Amino acid sequence: MANWTLDQLKQELSKRPTVKGWVLSREHVQRRERYFLADRQTLAIDQDRNVRAHALSARIFVKLSREGRQGEITQKFFPSLPLGPQLDAAVEGAAQTDHLAWDLPVSPPSNLPTRKTADPRIAEDVERAVRQASEKIGLLVAVKRATQFSSAELFISLHDRELHLSNGLIHRSSQSRVYSEAAFSMSRKNARGQIESDEYLNTTWAVGLDDLKLDALFNEASDRAEHSLDIKKPQSGRYPVVVEADVLAMLFNTHLSHLTALNAYHRLPFTKPGDEFIPGAEGDLITLSLDPTLDFAADTLAVSEQGLEQKPLLLVDKNRVVATSADLQYGSYQKTSPTTSRGNVVVAPGTLSYGELLRSEPLVLEVLQFSALFPDAASGTFSSEIRLARLHDQVTGTVTYIKGGSLSGSIAENFKSARFSKETAKKAHFDSGNSGPGQGYFGPAYALLSDVSVVG
Amino acid sequence: MANSILRATLDPELLPLRKTFQQLLPLLDQSPKHPDWYGSIYFERKHSRSQMANLRATNVSSQVTIGAVLRIYDGYTLFEQATDDLDPSALTRTAQEFADRVGGTPPSPGALKRPYEVPSWSDRLAFTLDPEITSQIPAGVSAETPVHFGVRFERDPARPSTEQRVTRLKGLVERFVAIAIEEGMKPDELSFVMARGSFAEEESIFIDRETNLSQTLYRMALTLVTMSSADRIGDRVGGLGGLEATEVTEEEMRIQIRKLRALKTAERLIPGKYRVLVNPGIAGVIAHEAFGHSQEGDTCARGRSKAWELHKAGESVGNELATILNSPAIYKNGATSTAAWGSYFFDEEGWLAQEHVILDRGKLKSPMTNLTSAIRLGIPRTANGKRENWSQGVYTRQTNTYFSAGDKTLDQMMKLLGDGFIATECAGGMEDPKGMGIQVGIQYLEEVKGGKKSGRVFKGPAGGDIQLTGYTPDVLNAILAKSKIEFDSASPDQAQHPTNDTGGCGKYHKEFVFAGCGGPWMLLDPIMLG
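Here the protein sequences come in this chain order: S and C.
To convert, note that position 73 of the first sequence is 73 in the numbering used here; the numbers rise steadily by one, no gaps.
To convert, note that position 11 of the second sequence is 11 in the numbering used here; the numbers rise steadily by one, no gaps.
The following block holds chain S by itself, in its conformation from the complex (with noise of 0.2 angstroms):
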């Protein structure tokens, strides 16, 4: 039972002598999942889950009687619960804490645009998606194969948000989101008559339907599934390395926090506009922006969460780093104009083809999967057993499958050299039980990184 409105709370929020401001955000989340595996040949589901979930957050922000400084809290509230006592409870605790002050806009931005960040098909209707995004899996689990079908997964959710602040500002918009993932394996007896069997698993997020591409999951789980038996292990060296775009949204979306303000203010790695993002690069440069206009991408979005417009901001040019990002807080702190803080880091591509970057050395080693990469955001150094490669040989012709191992890298040193594929590649990824923002990327499908360390 419904106590109070989102209304009564700004009022009250209003009335309070010691609260300077408040960003309010509300969500109503309308998710479906589907967990499939193979039972005796047919496709069976597992689990099948429907979730509604609502959700209010107030960051509020509090006078304190030291000259500069202000309190502030993030908490959640309950409309079911009474409003006078969480209140009590949000502007007491904000007291307790100390920042350096900081104050949202006056106003509030007007005319601002809208994005397309929800898929009108699953803003229309979550349960028609589902079903039809069911059935084509259905159909491609039905195809033959050398590989069995193992398992898959669906989950397709819109997020219906509002923002609203303290200056005026109310800002509504929906976001769709897309998981899906299959699982194929194989097996077969090897020579002394033991069965040998391993698996790919294919995951992919998306925003839009159409860039849910499930034939390509599928087929390519399939198809590398076949391959991960006819495998060796790496030989320990350094080698040319070609890393596919999931690698790259990854990297530059944990890389991206060195080019912020918030960086700079707490003493953490920064690079300031004026140096080189690569120090001593000498490929392919980077011209690397945040974008957060680009249609059913995963950070797309008209407006931030402390009310700014958020536009097209290029970071990087040609290696040099030409903007920091600074949300409204952290610009204040650093005493520069707030710039846009959300967005889909997008990256020029290359001038090669995948192709030529594959045969641009003697021997190169194209990871097709990692089993799980770790960026460290401070060093820029990441490391990964490799769970799928190919070796590929121009001197013999030959494509080796490689599997164990592990590969040690360094955007400082690795990707002084690099040369990044004419082809493009959009990646989106989600944090699935969390509704904070996603991580987007548009650029190169490929890239050629140098003098990666391998240890087989």
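If you're looking for bench data, these hints aren't it; they were derived computationally from the structure.
None of the values given here were measured: they were computed from a predicted structure.
For each residue, glycine too, the CB sits at the ideal point set by N, CA and C.
Hints may contain errors.
Listed below are several chain C residues computed to face chain S (Cβ distance under 8 angstroms; list not exhaustive) [as the list claims (entries may be wrong)]:
{"hint": "1", "residue": "R56"}
{"hint": "2", "residue": "G67"}
{"hint": "3", "residue": "G75"}
{"hint": "4", "residue": "T77"}
{"hint": "5", "residue": "T83"}
{"hint": "6", "residue": "L112"}
{"hint": "7", "residue": "E163"}
{"hint": "8", "residue": "R168"}
{"hint": "9", "residue": "G171"}
{"hint": "10", "residue": "F192"}
{"hint": "11", "residue": "V225"}
{"hint": "12", "residue": "S228"}
{"hint": "13", "residue": "S229"}
{"hint": "14", "residue": "G463"}
{"hint": "15", "residue": "F512"}
Chain S is fixed; fit chain C onto it per the hints.
Here is chain C on its own, set in the frame of chain S:
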């Protein structure tokens, strides 16, 4: 002194909701039209309060997740309807619509019906259960008896005010700065210090036709991060219990600063095979990634685990020292008085916590399960049905996964190590349940020569983390020795369970849950590091 034990209680405000769930159950369970349906209801409320202090600010946040999951297993599929609209009339409407939806969903063509037999309390009490569980079950318990389990604590975690918590964290940050200077760092060299404390009350209710369970856990954590440029040392202490779970000593803080200093002069490791001594935390991650994930029943049911094939074939996948257990019933973690990080009294599908051996001296035992994987595989249920939160799906998940203890002291292990490396700081890991690969990240290695630390420290070949990789049976055959739980003493262990660290797990790259991982110190040779 049994009456002096302090335990976490269920908020009385939740009692009307508990009654509502009991009233809703007949809509989901054994309805006249669907006598085979197994209905159940899971509810959770997690209220986490955290405070943070760093060199430039202090912060406070309060997060609550609250919701219910209505569940029907129809013999083919587990259907769930998750909602946070907990008004009784809304719940009744949701339950009715949910039952109608499930009733109108035909099974997949050709699917095999596998009905579920719901165990009664007498069935449940026939299992070997920890006294911490049995002591909280009323005598004469029946299906209607509300049974509450509360975690034991010594010092009430709710008592300190927000101001007192923030003041403590600010004090820790200031102390780190002072220690850094005492340890020879220049004032500017310690670029970032952060102390974060959190206290979460995790309350849950599970109701089916045979049980009416609730539990309250207090999850305590203190995270300390120090950085010097891009070098970073992070440490988290915590467990389930009271304020005693987050104590940190001056010596532990000093060691953290020394580790950070050592990283400043770290060399780069030449990739290769080495002799390495890993601490209990890293031993636990090896256990978790080796035959933790591949012994998750849902992974087996999906045809994605090699362990299921090897278990059925009875093949050996490790040596005599390779014994791995999973237990949510660790109510005294190592030599401490607090419960281990991945502990609880029952899982999110109402199954009571028990210790489960998943690998016994190199031989795989029956996998861990959740409801549907146990039914599909035709094997016993274990208490491993977990979800990220009420809005996420339930999977077979690990709780506390650890190697069994050995018989050596740490001094003896160091002598056995001789020349090699010590690994104490974990940096993640990943499973490969079908391909049987393993990846365990290590932040850095300390070199040992002649059983003594040489003072040299090594990072990975590119200056980042080091990855321990290999074929899982090879790694488990490389275990040469294991320490006692109380490894600093030659006396027999008093502690019952090896120490489990505070960890997390992201299964299938996305579903995050808390997980403990631990064991003894373990000596391995040869191990691939790169």
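Hint check, failures only
3, 8, 9, 11, 12
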